[in-house]
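**Q** Given next are the chains, with one letter for each unit.
Protein chains: 2
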Amino acid sequence: MTSTAHPTAVSRHGVIAPVDGEIVLGEGLLGRWQRRNRRVTIPHGIERLETEGALDNLRGLIGETDAPFRGPVFADSDVHKVLEAVAWELGHGEDPALRRFYEDTVALLAAVQDEDGYLDSAFQRADRVQRRWTDFAAGHELYCTGHLIQAAVASVRALGDDRLLAAATRAADLVVRLFGGPESPAYPGHPEIEYALVELYRLTGRAEYLDTAKAFIDRRGSGWLGRGAFGAAYFQDDAPLRETTVMRGHAVRALYLNSGATDVFLETGDDTLLRALTSQWDDMATRRSYLTGGTGSRHRDEAFGDAYELPSDRAYAETCAGIGAMHWAWRMYQATGKARFGDFFETALYNVVADGVSEDGAAFFYSNPLQLRPDHVSVQEEAAARRLGWYFCACCPPNLMRTFASIEGYLAGTRGAELQLLQYTASHIETRLVGERVVLDVDTEYPLDGRIRITVVEGGGGTLALRIPSWCVSHEVTIDGRPLDVPVDAGWLRLDGALTAGSVVVLELGMPARVLTAHRRVDAVRGCVAVRRGPIVYCLEQGDNASDVDDVAVDPSLPIVVGDGMTPLGPAITARGGVRRGDGALYSTLTGEACDESVGTVELRMRPYATWGNGRPGAMRVWVPVS
Amino acid sequence: MTSTAHPTAVSRHGVIAPVDGEIVLGEGLLGRWQRRNRRVTIPHGIERLETEGALDNLRGLIGETDAPFRGPVFADSDVHKVLEAVAWELGHGEDPALRRFYEDTVALLAAVQDEDGYLDSAFQRADRVQRRWTDFAAGHELYCTGHLIQAAVASVRALGDDRLLAAATRAADLVVRLFGGPESPAYPGHPEIEYALVELYRLTGRAEYLDTAKAFIDRRGSGWLGRGAFGAAYFQDDAPLRETTVMRGHAVRALYLNSGATDVFLETGDDTLLRALTSQWDDMATRRSYLTGGTGSRHRDEAFGDAYELPSDRAYAETCAGIGAMHWAWRMYQATGKARFGDFFETALYNVVADGVSEDGAAFFYSNPLQLRPDHVSVQEEAAARRLGWYFCACCPPNLMRTFASIEGYLAGTRGAELQLLQYTASHIETRLVGERVVLDVDTEYPLDGRIRITVVEGGGGTLALRIPSWCVSHEVTIDGRPLDVPVDAGWLRLDGALTAGSVVVLELGMPARVLTAHRRVDAVRGCVAVRRGPIVYCLEQGDNASDVDDVAVDPSLPIVVGDGMTPLGPAITARGGVRRGDGALYSTLTGEACDESVGTVELRMRPYATWGNGRPGAMRVWVPVS
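So the sequence lines, in the order shown, correspond to chains A and B. Going by this note's numbering, the residue at position 156 of the first sequence is 348; the numbering climbs one at a time, nothing skipped. Going by this note's numbering, the residue at position 307 of the second sequence is 499; the numbering climbs one at a time, nothing skipped.
These are calculated hints, taken from the structure and not from any lab test. Careful: at least some of the hints might be erroneous.
Claimed, not checked - Stretch-level coverage of chain B by chain A, calculated; a stretch enters the list once three of its residues show a Cβ under 8 Å from a Cβ in chain A: (1) 207–221; (2) 470–482; (3) 535–543; (4) 560–569; (5) 768–780.
We treat Cβ as the ideally placed atom computed from N, Cα and C, and that holds for glycine.
Chain A with its partners taken away, still in its complex shape:
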């Protein structure tokens, strides 16, 4: 394995650098997810690229098939994302089927690319009439190019293979040639290429990639994309990014855009960008995000809603938006070193993103609501009541594939002589810290439990910084068995000198079940509580409960029992409360008949949110009324 086989590389202005070395996942939760992804999800995705036509769309360009174009205009991006996932996985170790897909697809992409570098089957195909570069709002050509670049970056970093990079740079050079100059007004309707270009700049050192990414960010907000069906704000094109303090419009577009803009900051040090991005982050974190880390409150335009508009049942909370928030959080962490970005990353990863894939790894949610009503009929894939094997708009499944295949790249960062553990999972870390080799073994079942044991195998006395999650109200830390009394500094526990060979640091994060309430303005969950243990949000699922989950109320004064059964994301939890009966009118006078009498006390069995929907279909809810 090559070193620095991570999605992002060191930046010029970041206060945090990605680990310059190798992280190998062990027998913890993320390791299990990565292996399931390799064993089941990616092969499933490769099969669907065949059966749904995405590969044939490309093959048809060189006469290998007569099949008509299928899928959405951005179908190529599904191929690129699976290819990126496969590259990361081949970096983890060889596999004949993955290798075959990789070799075939790299060759196919090179074969279909036009002389001038253009590569987008939806516009190259003779059975499609749209002209190239005429529909920036909806055409997704720059979006697809961005995903091609990211796949190429993965194949270089994970495999040292630059064949795909050749195709990607030819495509990127075309973009630079056409749209990089000051005379061009262009930018993509769906951001993506911005952070791909910055990473290509990091890989190649060619400044025109960074400049073009910056131009796309700078130009946006002029209204040049038009209003489309949902207005300019849908595209974040209603105002320049630097003048905007709120999150609005299509959630995935907004999060990819801000990831790209953060990368541009990381390379340019342009504070006007970081200030706007920080305001927008705060707006998202404090007014427009779900307890699960999901974003996007509206189905109609898959968009952020008004402040505090956070319905559970109609939460869109697209899986890709969860991943986009992880991308942005990771870059904001690099820009600022602040632990809170790690908190958000963790919340999204273990809740909204984890929810996106089934326990068996072969079925997917596109939207991730926090409530499913008992009679919900999903006539549309956008509001599916169960995970589906694939989607017409199949952006989410391949996004999950590349995320789990490269998740180790987001676990730690370095700041001078300090190694920061941002996320905890069983892993082996080898890095360099101001020239000094550092090797750690992290042993933990986190977030299933809160004990993290870190053995320093090699080290020269540097600082180990441990993120204390904002949900954590009590923790203990020992070094070589001796308790330490170190204050938490803005989410970081800094253990100076701990990176000394032979040291054993044990961090114990208190992880009781906590009962949470929402801000008074979140109308959708007024009078309700949610249960969270560590980063894991819980839910009531009908299959676990005898009483109708839409008629129960929890009594937070009664004890909540952790550990009544185990799930892949942690112990089941039992709360207590009542059941409300009686039909009741839809609207009645407040002093009317007591039709909602509560009967007895019942046990309310809760499970980690991301594990719901793997058993018998039925209702689900994260927020439960208080009795």
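Since the structure of chain A is provided, determine the placement of chain B on it from the hints.
**A** Chain B only, in chain A's frame:
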């Protein structure tokens, strides 16, 4: 004025007949609305038919203009609906401008109609490529034909003019010829023509119109329309109407369909229809409707949601759905004689429908949410924060025009020797009751106050039945000053012999402000109350209040004062409660810091919901948290 100038005529199987005679609105609320409609709204609509291109779409067919086709595919229906409104108004009295529009438009429609009876400019125009009768799901040809028929019915009933009827019957005959036979699988993607055809049958006695309406109802549910963007349920095409007990899919489509199906029942007596319609009505009334009588919980497909999915902020509650519910309620009343349909009609009329038009009569809401958040930015006309002068999809404004122009047709019904007053407003009623002439004067400011004075000018001793609204918990009734102690029978107060010349009946409906709560499963308004006085739903509007309406909480134990200022829909109301301060985290532990402290007691000034949005823009909410 001709007699029976009402939208619906007597049916074969209805237990209630529309009044066989004339109802003239007086100086009450509905009279004021009807006059505003005539004076402002209809002239405004005529102007917009010019400026938005709907009339030119037709004129272009006969070479009167070169303007390209503008507006949605169903733009003709806007012309038909305004024409219907104008016909009803010319029946109320002549007006030069209305007459000119009427004559010009009747002549224009006759001139552009094809030899075979086809009349739909969106498909007749050379600048539009779609072939006729090829897109039943979205083409709206039958929908437009239905509105043409309804305009023609109005011109016959209100004016005795059968010129438009000639065009409408030619168009209807084409529909019968093409799609009336048993070999045709066709039915409209947007129901409308069904109840138009039944009314045409009532007017002409030609059974093929009824048969074709019945065929459209009977065929629906086969999935023949395809899935479109939102699935077959969007079109109510997922299952036959007779096998369906729930409301689902696009709300206006569903309500127009059920209005047509009820009309088919009224003429055929087919109980299998009425049973299904009754179940669907109950589902709507008890699980899928807003306190305002609005329906449609989802913006994405303008559709009914799951049971109890009734968000205030994202309520779609389209004005046309409110009108559709009135149409359906009126027909269910004719089918059953049940007062509860009058209750729903009244709720919809004075809340969601009244909300659709501004105080000045020249601006309109398309969706009628029950909450507007303080920072709501309406980038789309579908979620406008203020009433707009017109819409690209302009279905609602002309629908309001024809509704107010014919509202007197929905106020009363007869059942043998019984005259039933279903809605109360100042009016003069002349009718025949089993051959006997009956003349009443109704004097009232209802629903501004609860006193209704009915003077029997002529009458032969028949029964007067008065609807006691379900919201009314106390009432008094006198005849010639003598109190009567008559039990309420399923919402009806029957006064035998009261229809005697010279009798004066005074009904006093107790109309205190009532504090309402919603069914426990309506998650969106848990922990909230609403205030209603009589049929009028109230709201908090920011412009009336110093405290932020999203931070206040009402204390229902404190007195609620009625009468603190007057609005066009009744007195203002003052409740009392607290204000919650402190920024507060988006999510925090239940036992966390008391960041939501309540400060002092404040007056919460409430106004009738339908009057909001006429002053300074700002937040609004119907449901207010309880302190």
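**Q** So, for every hint listed, does it hold in this structure?
**A** Going down the list of hints, with the structure as the test:
1. 207–221: violated (count 0)
2. 470–482: Answer holds; 4 residues pass the 8 Å Cβ test.
3. 535–543: violated (count 0)
4. 560–569: holds (count 6)
5. 768–780: Answer holds; 6 residues pass the 8 Å Cβ test.
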